[in-house]
Amino acid sequence: MNKTVNQKAWFLILPVLLLVAFSAVIPLMTVVNYSVQDTFGNNMFFWAGLEWFETMMASERMWDALGRQIAFSTIILLIEIPLGVFVALNMPKKGFWASLCLVLMSLPLLIPWNVVGTIWQVFGRVDIGLLGYTLNAIGIDYNYTQDFYAAWITVIVMDVWHWTSLVALLAYAGLQSIPDAYYQAAKIDQASRISVFRFIELPKIMGVLMIAILLRFMDSFMIYTEPFVVTGGGPGNSTTFLSIDLVKMALGQFDLGPAAAFSIMYYLVILLVSYVFYTVMTNLDKRDGH
Amino acid sequence: MSDSTRTMSKSGSFLPKVNGSAIVMGMYLLFLLLPIYWLLVMSLKTNTEILNAFTLWPRDLTFDNYLTILTDSSWYMGYVNSMIYVVLNMLISLAVALPAAYAFSRYTFLGDKHLFFWLLTNRMAPPAVFALPFFQLYSSIGLFDTHIAVALAHALFNVPLAVWILEGFMRGVPKEIDETAYIDGYSFPRFFVRIFTPLVASGIGVTAFFLFMFSWVELLLSRTLTSVNAKPIAATMTRTVGADGIDWGVLAAAGVLTILPGALVIYFVRNYIAKGFALGRV
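Sequence order for the protein chains is A and B.
In this text, residue positions in the first sequence follow the working numbering: the first is 80, and each later residue adds one.
In this text, residue positions in the second sequence follow the working numbering: the first is 15, and each later residue adds one.
Think of the hints as simulated: they come from the structure by calculation, not from any bench.
Just so you know, not all the hints are guaranteed correct.
Claimed, not checked - If you want a taste of the chain A side facing chain B, the calculated C-beta under 8 angstroms gives, among others:
{"no.": "1", "residue": "Asn169"}
{"no.": "2", "residue": "Met301"}
{"no.": "3", "residue": "Val359"}
No residue lacks a Cβ here, since even glycine has one placed at the ideal position from N, Cα and C.
Hey, can you work out the whole structure from these sequences and the hints?
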């Protein structure tokens with residue numbers, strides 16, 4: 080749609096600006112403040128410059144957490160995006176079964192995140208959980224509180240369980256918008272199932288798929304509650320992702336300076352990657368003539 | 015024409031594929047529902063049965079776990095508190111996002127694209143980064159442990175999302191409608207409330223659904239900003255860890271009860287879910 084130039088539109092944005100400035104800019108400035116100061120308690124602060132940033136850059140703990148975080152986000156994107164599209168392709172198109180699938184698939188999305196953690200905690204426990212008990216009964220040594228691989232697999236399967244439906248529902252919405260005529264044309268050309276997907280369905284769902292990737296990247300990079308409830312970051316530090324480490328540092332040990340420097344670098348990484356996704360997304364939008 | 019396609023696809027090569035799809039969907043839904051089933055079953059068992067016997071369904075069915083929650087005000091007030099701040103958050107977010115989304119969908123102005131991205135960046139901000147500063151901010155202005163504090167904190171990520179979704183829906187409304195209304199002598203506020211808002215009603219519904227969803231499921235901020243009076247149910251659940259271990263039955267029952275509001279909301283919006291999840295962009 081061609082828009083008109085109107086500087087007065089700023090007035091319509093004003094309420095949002097004030098609200099977000101209050102709930103985002105003030106706290107963010109507090110963080111910036113802490114990151115360049117040191118304290119001996121009693122609210123006595125003095126200038127520390129970039130000291131905390133240097134400490135954090137040299138901190139193995141942060142790099143390890145970042146490495147685990149990148150590994151986690153990459154793995155779940157690689158599983159959830161293809162699986163979500165695959166599920167969407169297999170969903171019923173209309174009628175009772177379509178509604179039923181939609182309702183059941185949305186269910187995990189509306190469960191509070193710590194309850195998601197609780198569900199998987201009780202599901203995976205060796206003594207009382209269906210999954211843990213069954214796996215051990217058939218001779219697979221599985222214990223997510225002690226074993227590194229079991230903990231990782233549990234956290235990843237939990238995230239796939241929690242969020243694949245979001246990708247599937249987005250892709251489904253994209254598929255629903257493809258006119259029948261496209262499929263008819265493909266049929267006349269005797270296109271194979273794979274080329275129908277490659278040349279008709281995939282290009283049409285690319286836009287919503289980018290939204291899915293953007294949302295999944297952002298949320299998986301900020302993940303805190305679910306792994307915290309299930310593994311508490313353990314065994315050892317093996318599932319301590321960035322947010323878990325940060326909360327430990329800021330609210331647990333009250334190391335304000337390092338935690339603030341950590342926060343800012345953390346936020347910048349997310350911003351950078353999201354900016355790339357966002358630019359790709361808006362370009363796709365433009366190409367489609369939205 | 016579309017009829018002929020449908021018969022063609024039904025009688026032709028589609029039949030075997032339908033069965034394959036049913037199997038895929040069946041397995042996926044089984045994967046989704048099995049953990050929830052386990053939670054439900056656990057909530058209906060006694061703790062003795064949970065810990066001592068491995069049973070696939072409750073042998074002596076009990077509703078005691080639910081009774082514990084529904085008769086103890088420190089339990090059920092958790093649900094009430096969560097509901098209050100979720101609704102407050104929905105109202106605040108919609109009220110500020112509606113005019114902003116309209117501006118973004120209709121006009122270009124100085125810095126609009128940067129502003130839009132800046133708004134979105136707040137959706138990307140990790141709550142862990144904001145937990146401590148929020149705590150200090152709301153403590154210093156005396157809003158700590160109130161519903162409005164949580165609602166405002168959740169506005170951080172919900173307002174940008176609301177603007178984003180609504181903008182997508184509003185772009186779909188032809189601009190000629192605005193122009194006609196102005197020619198007919200409508201003032202902007204009157205046009206917005208009487209004509210435009212009803213046109214994007216489904217978009218508002220979808221937005222409300224997403225606002226509910228993200229405010230309802232969040233724990234880190236709502237737990238940090240409350241202690242007693244506005245404590246959300248999700249934080250109350252940690253109470254089940256007592257001196258003599260975890261009260262699994264009550265924990266499971268509380269979990270099941272947190273799923274119910276979401277399930278109800280989904281049921282009401284089930285016909286809009288597919289379009290809604292595409293954020294109006296299909």
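Unmet hints by their number, sorted upward, for this structure: Number 3 only.
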